[in-house]
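So the chains spell out like this:
Number of protein chains: 2
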Amino acid sequence: MKRAERIAAITKILCESPGKIHTINEFSEMLDSARSSISEDIDRIQDAFEKLHMGKIKTIPGAAGGIQYIPYIDIKYYEGFVEQLCKIFSQKERIISGNFIYTTDVIYNPQLVDKVAQILAYSFLNVQADYVVTIETKGIPIAFAVARLLKLPLAVIRQENKVTEGPVVSINYVSGSTRNIRTMYLSKRSIKANSNVIIIDDFMKAGGTAKGIVDMMKEFDSRVVGIGVFIATKYPTEKLVSDYVSVLQLNAVDERKGIIDIQSGDWVKNFKKIEDFQLK
Amino acid sequence: MKRAERIAAITKILCESPGKIHTINEFSEMLDSARSSISEDIDRIQDAFEKLHMGKIKTIPGAAGGIQYIPYIDIKYYEGFVEQLCKIFSQKERIISGNFIYTTDVIYNPQLVDKVAQILAYSFLNVQADYVVTIETKGIPIAFAVARLLKLPLAVIRQENKVTEGPVVSINYVSGSTRNIRTMYLSKRSIKANSNVIIIDDFMKAGGTAKGIVDMMKEFDSRVVGIGVFIATKYPTEKLVSDYVSVLQLNAVDERKGIIDIQSGDWVKNFKKIEDFQLK
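Here the protein sequences come in this chain order: A and B. FYI, in full-length UniProt numbering the residues of the first sequence are 1 to 280. FYI, in full-length UniProt numbering the residues of the second sequence are 1 to 280.
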């Protein structure tokens with residue numbers, strides 16, 4: 001095989017498995033080429049990616065070493081995306097009677113969800129999580145996309161007890177905003193004891209649901225190592241959980257005036273901590 | 001930029017946007033190189049992909065033309081994957097009292113769901129769909145992943161009327177297996193009139209839910225152009241909808257004997273129709 005062809009093949013494999021460690025041997029065998037040629041090929045790919053800000057090809061030394069592709073995280077790109085989301089959510093047609101806001105179309109749009117999930121997943125790159133946990137229904141697509149990026153299984157808490165879940169653990173919790181007592185259910189099989197979990201949800205007001213999930217995790221002898229939400233309301237400012245990351249902050253919905261006041265959340269704080277992150 | 005570097009850059013961009021049409025000009029400008037050089041680069045990438053069965057680089061002639069990367073769909077690969085799924089689902093620990101089977105861990109595992117979604121998405125590549133539609137809860141990850149691959153928005157039917165959905169259309173339907181009358185709700189904003197939709201769900205027994213969704217689509221002046229399910233039961237053999245695609249067929253669950261009898265569904269029939277498919 002010619003150099004040009006080898007480079008096309010290696011680039012394709014690296015880019016389709018971000019974070020995965022590949023060995024020189026693997027490519028050498030597949031392309032029936034000398035290890036030294038493969039090394040040179042990789043240097044060329046590295047040069048190209050560096051020049052064009054396309055991410056990094058990282059070399060990991062040692063017996064378990066190899067090379068891996070690390071995508072480039074451009075904070076400016078995500079700032080622009082969040083600004084675009086704010087515009088989308090400021091459309092006054094989105095106001096629903098009772099000062100609610102219609103988010104369903106965005107939450108089920110795979111192109112937008114993928115980017116929201118990137119923001120949340122990158123915020124938890126340095127956390128050693130075993131599961132992503134959410135509660136049905138509207139949090140599922142975002143949580144699923146985050147789990148996909150972090151290569152973790154997802155566990156979905158149910159709001160009703162379903163026969164197909166098998167034996168479940170149930171807990172009662174108080175909805176922070178309405179003060180209603182509700183019950184959540186999670187299949188006993190879904191999370192192994194002694195796990196670290198990240199909670200992902202689409203919306204947080206007082207944080208009662210998130211607090212409920214934190215309590216539920218205790219029943220699984222597991223602990224919450226991160227909470228990420230798509231939209232958090234500004235009020236109440238004191239939530240029932242602390243230390244969560246939000247993509248958007250909803251300041252106010254004024255049905256009478258037809259105004260939705262929404263801004264970027266505090267996700268940037270976690271992004272700034274990313275120096276040399278590592279995908280699993 | 002050197003040829004090797006240009007090839008790395010072009011390969012990366014093509015592989016990260018399967019189905020998208022790129023122009024030679026786009027690459028020529030980005031890489032500050034002559035159009036003739038870019039054309040030669042693309043020929044090299046094409047050669048490499050062809051030799052290694054890595055998919056196709058297709059050239060589309062004409063004013064709106066350009067080049068696009070078409071991933072290679074290997075029926076054998078998916079046959080092997082479905083076999084692996086059958087093994088997973090045959091584990092007798094999965095039997096839940098009442099002859100149910102525990103599928104939740106698979107349905108929320110992004111690595112497995114991605115492949116299931118590929119099978120279903122590739123089955124509907126030649127259908128001109130505008131939306132993927134599912135019903136909460138367990139169908140959402142698969143439907144979302146199918147929507148992602150087909151670059152379509154997802155609409156999720158609710159089993160309860162939620163204030164955050166705004167005005168909804170509701171219909172009553174009869175669950176085919178239990179004969180219970182239930183109600184499903186879909187936000188009026190979620191589907192535009194005169195659309196083509198694909199229904200995706202995780203499980204089908206008698207097909208009552210799918211039939212309900214077909215009826216719901218009529219209320220939106222829209223039509224169902226495809227139905228895909230992850231697991232369809234063998235019995236009843238006469239379903240309330242015809243012409244659906246299944247990834248797996250569940251023949252029987254025998255709690256007493258500890259046997260789950262499951263086999264590949266009929267997805268292969270649609271795969272065999274794929275000659276030169278076209279991603280949007």
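You may find that some hints are simply not true.
What the hints assert, rightly or not - The calculated lysine to any residue pairs, modelled on SDA-like cross-linking and capped at a C-alpha distance of 20 Å, are: (1) K162/B to N99/A; (2) K192/B to R94/A; (3) K2/B to G55/A; (4) K257/B to S97/B; (5) K92/B to G166/A; (6) K51/B to S37/A; (7) K51/A to S33/B; (8) K51/A to P61/A; (9) K192/B to Q91/A; (10) K234/A to S97/B; (11) K87/B to K51/B; (12) K151/A to K192/B; (13) K188/A to E93/B; (14) K188/B to K211/A.
Stated by the list, open to error - From chain A, some residues computed to sit far from chain B (all C-beta separations above 10 Å): (15) A8; (16) I21; (17) K51; (18) E79; (19) Y102; (20) K115; (21) P141; (22) R148; (23) V214; (24) S222; (25) V225; (26) E255; (27) K269.
These are computed hints drawn from the structure, not numbers from a lab. We treat Cβ as the ideally placed atom computed from N, Cα and C, and that holds for glycine.
Right, here's what the structure says about each hint:
Our distance criterion of 20 Å between C-alpha atoms is met by K162/B and N99/A, whose separation comes to about 14 Å. Among the hinted pairs, K192/B with R94/A is consistent with the structure: their alpha-carbon atoms are about 16 Å apart, no more than 20 Å. Simply put, K2/B and G55/A have alpha-carbon atoms about 18 Å apart, close enough for the 20 Å limit, and the pair holds. For the proposed pair K257/B and S97/B, the alpha carbon gap of about 13 Å is at most 20 Å, so the pair holds.
For the proposed pair K92/B and G166/A, the alpha carbon gap of about 13 Å is at most 20 Å, so the pair holds. For the suggested pair K51/B and S37/A, the alpha carbons sit about 19 Å apart, so the restraint of at most 20 Å is met. With a C-alpha separation of about 14 Å, the suggested pairing of K51/A with S33/B holds against the 20 Å cut-off. A C-alpha spacing of about 23 Å is found between K51/A and P61/A, which places the hinted pair above 20 Å, so the restraint is violated.
Taken as a hint, the K192/B and Q91/A pair is honoured in the structure, with Cα atoms around 18 Å apart against an allowance of 20 Å. Restraint check for K234/A and S97/B: the C-alpha separation of about 45 Å exceeds 20 Å, so the hint is violated. Between K87/B and K51/B the CA atoms are separated by roughly 33 Å; this puts the pair beyond 20 Å, and the hint is violated. Between K151/A and K192/B the CA atoms are separated by roughly 35 Å; this puts the pair beyond 20 Å, and the hint is violated.
With a C-alpha separation of about 13 Å, the suggested pair K188/A and E93/B falls inside the 20 Å cut-off, and the hint holds. Only pairs whose Cα atoms come within 20 Å are accepted, and K188/B paired with K211/A is rejected, the gap being roughly 33 Å. A beta-carbon of chain B is positioned within 10 Å of the beta-carbon of A8/A; the least distance is around 4 Å. In this structure I21/A is separated from chain B by more than 10 Å, as the shortest Cβ-Cβ distance comes to about 17 Å.
Separation of K51/A from chain B is inadequate, the least Cβ-Cβ distance of about 7 Å not exceeding the 10 Å criterion. The Cβ of E79/A sits about 21 Å from the closest Cβ of chain B, beyond the 10 Å cut-off, so the non-interface label holds. Residue-level check failed: Y102/A sits 5 Å from the nearest beta carbon of chain B, not beyond 10 Å. Distance check on K115/A: its Cβ is at least 12 Å (rounded) from any Cβ of chain B, clearing the 10 Å threshold; non-interface status holds.
A beta-carbon of chain B is positioned within 10 Å of the beta-carbon of P141/A; the least distance is around 5 Å. Residue-level check failed: R148/A sits 4 Å from the nearest beta carbon of chain B, not beyond 10 Å. Even its closest Cβ contact with chain B, about 20 Å, leaves V214/A beyond 10 Å, as expected for a residue assigned away from the interface. Residue-level check passed: S222/A sits 16 Å from the nearest beta carbon of chain B, beyond 10 Å.
No beta-carbon of chain B is positioned within 10 Å of the beta-carbon of V225/A; the least distance is around 19 Å. Under the 10 Å C-beta cut-off, the non-interface status given to E255/A relative to chain B holds; the minimum distance is some 13 Å. The beta carbon of K269/A is kept farther than 10 Å from every beta carbon of chain B, the shortest such distance being approximately 27 Å.
Taken one by one, the earlier hints fail for this structure at numbers 8, 10, 11, 12, 14, 15, 17, 19, 21 and 22, listed in ascending order.
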